[in-house]
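Chemist: In case you want the letters, here they are:
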Amino acid sequence: MLFQRLFSAGWLVACLVFAYLAWSYQAAFSYEPVGPRAFPLLMLGLMAAALLWLTLRPTHIEHKEGEPVLDRESLRKVMACVVLMLVYAGLFEPLGFIVSSTVVGMLMGRLYGGRWKPSAIAAVLISIGLYVLFDRTLDVPLPLGVLDFLEL
Amino acid sequence: MDTLGYLGQGFGVALTPYNLITALIGTLIGTVVGLLPGLGPINGVALLIPVAFALGLPPESALILLAAVYLGCEYGGRISSILLNIPGEASTVMTTLDGYPMARQGMAGVALSLSAWSSFIGAFIAICGMVLFAPLLAKWAIAFGPAEYFVLMVFAIVALGGMAGDRPMKTFIAALLGLFLSTIGIDANSGVYRFTFDSIHVADGIQFVVLVLGLFSVSEMLLLLEKTHHGHVAVKATGRMLFNVKEAASVFVVNLRCGLMGFVLGVLPGAGATLASAVAYMTEKKIAGEKGNFGKGDMRGLAAPETAIGAAACGAMVPMLTLGVPGSGTTAVMIGALTLYNITPGPMLFQEQPDIVWGLIASLFIANFMLVILNIPMIRLFTRILNVPNWVLVPVIAIITSIGVYAVHATTFDLFLMVIIGIFGYILRKLDFPLSPLLLGFILGGLMEQNLRRALSISNGELGILWGSPITMGVWVLVVVMLALPIVRIWRRRAKQRREVANA
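Chains A and B, in that order, give the protein sequences. Just so we're aligned, residue 1 is where the first sequence starts under the working numbering, counting upward by one. Just so we're aligned, residue 1001 is where the second sequence starts under the working numbering, counting upward by one.
Hints should not be assumed to be uniformly reliable.
To be verified - Heads up, simulated DSBU-like pairs for lysine-lysine below, C-alpha to C-alpha not over 35 Å straight-line:
| hint | chain 1 | residue 1 | chain 2 | residue 2 |
| --- | --- | --- | --- | --- |
| 1 | B | K1246 | B | K1286 |
| 2 | B | K1496 | B | K1286 |
| 3 | B | K1496 | B | K1296 |
| 4 | A | K77 | B | K1430 |
| 5 | A | K117 | B | K1430 |
| 6 | A | K77 | A | K117 |
In short, the hints are calculated from the structure, not lab data. Because the structure is a prediction, the values reported are computed rather than measured.
With the hints as extra help, turn the sequences into a complete structure.
Modeler: Structure follows, in structure tokens:
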């Protein structure tokens, strides 16, 4: 409940900041009655009003059957997963698709309850398999990165 | 009779070997994607867009591929509902109620094939409805001006909230956020950069593939993380695989009734498959009354929601094709795909590119047919896919999602953006915000703003044009009804509670 209030309040502040930014958007010369700022301001205004309501009167969140309650352990795992995804995004181009996917895939496999060896083997196979599938057969170009010298 | 001629022409397009293979591959990929926990039709369709683009598929084949994937996902979702008792998405919750008990009684194969058959009939009814009504609607919609379109889109957004049930406020906020996000980037009319913070990466806006995959795939991966410890064992599909004539006949009336209902609810913006399946199940339960075995493996209880889902999934294509206004998350993604191909869905599409429209309609027929046939030999393979552990599955989802995002622009900026959107989506889901309205708002936002500005340019700033014509007036009335719905519902619930308190 408290988190929901804080979240919607934070969101509300973000809305106001964006609205402040939008206020200055004006076309250099205008040939239409509605400029570039009206629509975003309208949306932000409506959203802010709705968020204000939600901050003052947060709704009850029903927990679905079988949905585990978020504890410290899960939260730590979620954070770890987010960090992994960010690391993956950062390494994607410098290390290349195959190497970065292998490393991140292996760690992610561990995070989701796999053991070291199977996770590592799975990650290697997945990376190479998906590289062949997408880069070779489906014409989606992927970076080779450090494996560039192989000239596949 | 024009319609039949066009339909024949459509079959001509869809029955070319190339497009047949495309549809087959699409249904297969769709089934697998729908089967896997954490991936649904929205991700499936979004993932394939960059691939279809990279392969250089012609627009009609790409559309056929995406439609086949869509139907395949709906089908795959039901496999996990019936065998695992885990609904892949909200619409298949009703399927688990009687499907899983049937599987437990050793009728898994029958349940699966019967559900495929029901969904086929539902889709068949809906496609017939589409063939009858879509051209009429398109003809009528040509008279729509920008003001009418703007009001129609307001209705689509408001209908989402009105139909959403217990959380209209959160639905509105999500839709508004989507509408707002669509304004990021360079403004086409005036050339002003809006909310870009001088970054070139968002100068042409947030790519919708990035938004979709962040919101739906990344947040789903994080949700899966909480569930690593509990394992479900799939019921083995053994014995008879196909239903017999008697079983099919016993649910035929149910099929017809729920098919019609599903089509009507599917056409309405915002209602979609979830509402259709729930309404169908409840109605049939009421009709069966005391004699029904609902909740314990009644075939009618399985057939009803499945028929409705099949019909609603196809019905949702009607507003998308005729008006260019999507009614559900998945059709919103398909609109996004069409825009990439520079095709603007709407009334003109029926006149200018009948090949695409009728080819799509015909391929819906064919894809449904394929799914029924595929069911019989492939079901053992599909059940084996269900046993893939999370520690293999999640890395695959993560990597494929990243490939899909990277394929759009080949920049790592999009990857970071996807993760950030994913975190935000995860928090939204935890707080019970629905995500499809956000997506729908994002897709509609650009169109909505353009039409509003165009309308006001026509009237020279006079706001009266927005409610000047009979059509706009009519739609505004509907908007008011939709806004009143949740209030009435809450009021009635409170009155009921008060009565219960008084009685107790």
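Chemist: Each of the hints needs a verdict: does it hold here or not?
Modeler: Taking the hints in turn, this is what the structure says about them:
1. Only pairs whose Cα atoms come within 35 Å are accepted, and B/K1246 paired with B/K1286 is accepted, the gap being roughly 23 Å.
2. Distance restraint check for B/K1496 and B/K1286: the Cα-Cα separation of roughly 21 Å lies within the 35 Å cut-off, and the hinted pair is therefore satisfied.
3. A C-alpha spacing of about 29 Å is found between B/K1496 and B/K1296, which places the hinted pair at or below 35 Å, so the restraint holds.
4. Restraint check for A/K77 and B/K1430: satisfied, since their Cα atoms lie roughly 15 Å apart, inside the 35 Å limit.
5. The suggested pairing of A/K117 with B/K1430 holds, with an alpha-carbon distance near 33 Å, which does not exceed 35 Å.
6. Between A/K77 and A/K117, the direct Cα distance comes to roughly 20 Å. Compliance with the 35 Å bound is thereby established for this hinted pair.
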